[in-house]
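Trainee: Protein sequence lines correspond, in order, to chains A, B and C.
Counting with the working numbering, you get residues 1 to 265 for the letters of the first sequence.
Counting with the working numbering, you get residues 1001 to 1290 for the letters of the second sequence.
Counting with the working numbering, you get residues 2001 to 2289 for the letters of the third sequence.
The set of hints was computed from the structure by calculation and includes no laboratory data.
Warning: the hint list may mix true and false statements.
Said to hold, decoys possible - For lysine-lysine, the following PhoX-like pairs were computed, each having C-alpha atoms within a straight-line distance of at most 25 Å:
no. : chain 1 : residue 1 : chain 2 : residue 2
1   : C       : Lys2089   : B       : Lys1281
2   : C       : Lys2119   : C       : Lys2087
3   : C       : Lys2168   : B       : Lys1083
4   : B       : Lys1290   : C       : Lys2087
5   : A       : Lys67     : A       : Lys246
Every value quoted in this text rests on a predicted model; they were computed, and no experiment measured them.
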Amino acid sequence: METILNISNLNLSFISDRQKEESLFLFRDLSLEIEREKITALVGGNGAGKTTLFNVISGLQRGASGKVNFQGSEITRLSPYKIARLGIGRLFQGARVFEELSILDNMVIGAIHHANEIPFYNLLFYRKSMAFEKGLEEKAEAILSELFGSNNIFWEDRIKPAGNLSFGHQRLLAMARLLMGNYSLYLLDEPTAGVHVQFIEQIASAIRHMNSHSHKTVLLIEHNMHFVRQMAEYCLYMENGKIIAKGHPNDVLASDQVQQSYMGI
Amino acid sequence: MDFLYHIIIMIGIYTILALAANIPVGLANLLSLAQAAFYGIGAYLSAFVLLNFNIPLLPGLFVVAITTGFFSLLISLASIRLKGDYFILAALGFQLIVFSVLYNWTDVTKGPYGISGIPPPRLFAFIELTANFQFAILSVSLAALTSFLFYYLVKSPFGRVLKSIRSDELSVSISGRNVYQFKIIAFFLSAGFSASAGFLFAGYVKYIDPTSFTLDESIFILSALFIGGLGNVKGCIVGAAVIVILPELLRFAGLPDNIAANLRQIIYGLALILVMLYFPKGLAGDTMLK
Amino acid sequence: MFLQFIINGLITGMLYTLASLGYALVYNTTRIFHLALAVLYVVAAYIFWHVTVVCGFPMFAGIFASVCFTALLSLAIDRLVYFPLFKLKASLSVVLVSSIGVFTVLTNLVALTWGNEFKAFGSDISRIYSSGNLIVTGKQLFQFIASLVLIITFFLFLNRSKTGLRIKAVRDDSELYQVLGFSLTKMRVTVFLLSGAMISLASCLTAWDIGMDPYVGMPILLNAIVALIIGGAGRFESCVIGGITLGILQALVVWQWSAQWQEAITFVVLIIFLFLRPQGFIGEKSRVV
Ligand SMILES: Nc1ncnc2c1ncn2[C@@H]1O[C@H](COP(=O)(O)OP(=O)(O)OP(=O)(O)O)[C@@H](O)[C@H]1O
Ligand SMILES: [Mg+2]
Chain A
1 METILNISNL
11 NLSFISDRQK
21 EESLFLFRDL
31 SLEIEREKIT
41 ALVGGNGAGK
51 TTLFNVISGL
61 QRGASGKVNF
71 QGSEITRLSP
81 YKIARLGIGR
91 LFQGARVFEE
101 LSILDNMVIG
111 AIHHANEIPF
121 YNLLFYRKSM
131 AFEKGLEEKA
141 EAILSELFGS
151 NNIFWEDRIK
161 PAGNLSFGHQ
171 RLLAMARLLM
181 GNYSLYLLDE
191 PTAGVHVQFI
201 EQIASAIRHM
211 NSHSHKTVLL
221 IEHNMHFVRQ
231 MAEYCLYMEN
241 GKIIAKGHPN
251 DVLASDQVQQ
261 SYMGI
Chain B
1001 MDFLYHIIIM
1011 IGIYTILALA
1021 ANIPVGLANL
1031 LSLAQAAFYG
1041 IGAYLSAFVL
1051 LNFNIPLLPG
1061 LFVVAITTGF
1071 FSLLISLASI
1081 RLKGDYFILA
1091 ALGFQLIVFS
1101 VLYNWTDVTK
1111 GPYGISGIPP
1121 PRLFAFIELT
1131 ANFQFAILSV
1141 SLAALTSFLF
1151 YYLVKSPFGR
1161 VLKSIRSDEL
1171 SVSISGRNVY
1181 QFKIIAFFLS
1191 AGFSASAGFL
1201 FAGYVKYIDP
1211 TSFTLDESIF
1221 ILSALFIGGL
1231 GNVKGCIVGA
1241 AVIVILPELL
1251 RFAGLPDNIA
1261 ANLRQIIYGL
1271 ALILVMLYFP
1281 KGLAGDTMLK
Chain C
2001 MFLQFIINGL
2011 ITGMLYTLAS
2021 LGYALVYNTT
2031 RIFHLALAVL
2041 YVVAAYIFWH
2051 VTVVCGFPMF
2061 AGIFASVCFT
2071 ALLSLAIDRL
2081 VYFPLFKLKA
2091 SLSVVLVSSI
2101 GVFTVLTNLV
2111 ALTWGNEFKA
2121 FGSDISRIYS
2131 SGNLIVTGKQ
2141 LFQFIASLVL
2151 IITFFLFLNR
2161 SKTGLRIKAV
2171 RDDSELYQVL
2181 GFSLTKMRVT
2191 VFLLSGAMIS
2201 LASCLTAWDI
2211 GMDPYVGMPI
2221 LLNAIVALII
2231 GGAGRFESCV
2241 IGGITLGILQ
2251 ALVVWQWSAQ
2261 WQEAITFVVL
2271 IIFLFLRPQG
2281 FIGEKSRVV
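Produce the entire structure from the sequences given, and follow the hints as far as they go.
Mentor: Next up, the structure:
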């Protein structure tokens, strides 16, 4: 068993130091480990701090004490873009495509930063730049047809703005865009929330694609317990700033503690 | 004939200024009210270079553009640290500080008296550009060059990142882009282009004073951009042509100069309101202000 | 000498406070970057001047006319420009650009109507009160008392009256305000009328002393905005703290260096605040993400 992400003794409070009180901590000595090449689900009530935990991992939330280790190197205070370059990809809660950009541009921008993005590079090295762009477009086409079949609407409408897509399609596009980045860890924040049921199977297959096809690790926030049982091999339950239960999803979700606090049974 | 050259030169200058503003405003949606400050810094540096050094046009232009680019770091820093209206306010503050320095630091800038007797720039060390028609050619060529560069910028992967910053900055940074770096480059280019317009202006009118680089001038440049439309070259050329030709038409209509000046401003102001309300893409733009 | 500058700065600061309250009324409730307020300031001064100097009415009639006219013009700007944009869900930048448009149009209309040159109110030498080295002119004394009364009245109104409490409610959460069944549209009417009245009072009190031209509005408005920011955007007390701080600071700059650097120093202070303490003296930090 190899861990890819290791968080130890994370503390975070949004209340300034002077008035610090025990109960106002969002994270209290939170520690967790994520195993490589597995799909892990992170479950917890509304406002438990799941999204904030993702923010800490991806460098968007400052001010937390403790350590975040990714593939053996500490990423605790790195900038978001550096963390992404190290191999952590993230799907935000909500749609979050670049609405004004074309579907193809959305995909292409999912690829990690490259020299092509230096201003006037396309002027100075026209051929090289065009070839590179072509490569990215082919990759986008491959990913899209892999996920959604060879006649998918994304590729057909690739020059149309992504904002025209329905919410569910935008969500799918955002998932496909993540695959452009070749990340080793994917943080997915509620991929199925607000999405019409017809898309859920496609989202599930995209996640499986990330995991089994390219052997990547997935950490998933979900409120849809059916989906968690279906997808995850491991489950973490978060409450009061800590991980209070972990194990196989069926066991965790069946435990008394979780039944009481989350399902309200 | 000189009158026609004058019009052409001014359209060239404002095309460059509008294109320069188009980089932060049109692509990255950073509403910069400091464009006249870059223009002014460029013009004063050009005056300094032309008066003191005997260097030919292109290297001179290059030095001025790069130096002005460094001043833009103050604005890009603000755009990194500050969001929304706080950034706009900081840019406004920068504009007013630059004006105040140009106006009050008399030892260096000669303050309200301005700098006169600026020698004409020289092409390749021997051809002095003195005649208006030479300037018209220079102005058109520089505007064409800027348009060309801008065109490639919009189409380029770099432009794509700027457009995505406009849409959703956080998503850009978690896709591994250093957003700060892109903003810094965007303003650097914008300042550099504005400075080359300043160079043309200083070389052409041979006398500059701070009143050409006020907040009103920033607004004027943005008017050209918004009236023409954001995000492409066409809009900037159309916008520049409109704001340069319109006052001349008013003069032809026989209005006395002082009334024409106010009337012209009223028309720009109305145009800004109408564009914002009814034609967000201006006359020929690709995108709109967000 | 020092004390003299402090007194002058305090009086200027109180006038800034009035202007700043006019700005804050709109900004705190609608987030509109209301640059057109600068021209309302100018219009107010010219109406006052016209009614008293040209038509020969007494001063209070002039102020009354100016307040009414400016308040209505302020409302008209909202109805004709901001509110339609609000309905189109336009962004703050779009509203700002349209505000610049309004500013440009009206400033030039003022210049066309009354001319570009400087205008002053009669040259009646007002009384001078002095003790020791300190000198306070009658006009300054009037400015001081009038703005003190106005500021106190404003805060009584804000904290005691129903309308005042509603204004604060909108400031805190305009969506909740609507959800609770109140009309944001009606609130805008109140806010714009009050803002126009406030800026008009600030303008009349200032112009009566030092005169005006069509371009005096913008520097004053920028001072008013800076006052709000350094006090802490989002609150109304900030205008008082920021306004008076700024007035005194500028007076000290004049004392130590010279008047010409006043504006630059103001903006240096603004930028320092924006970078180091964007929440101002008394504001609260807001959630970033
Ligand atoms: N920057 C911030 N300042 C103050 N409070 C914050 C901040 N960020 C998050 N919070 C608070 O922390 C708590 C956790 O928020 P978070 O978004 O992480 O919850 P979540 O577990 O993702 O909930 P959900 O399942 O509803 O998405 C919430 O109460 C939220 O209001
Ligand atoms: Mg969440």
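Trainee: Now tell me if each hint is right for this structure.
Mentor: We went through each hint and held it up to the structure:
no.	hint	result
1	C:Lys2089 to B:Lys1281	16 Å, holds
2	C:Lys2119 to C:Lys2087	40 Å, violated
3	C:Lys2168 to B:Lys1083	24 Å, holds
4	B:Lys1290 to C:Lys2087	15 Å, holds
5	A:Lys67 to A:Lys246	20 Å, holds
The structure is inconsistent with hint 2 alone, although it conforms to all the rest.
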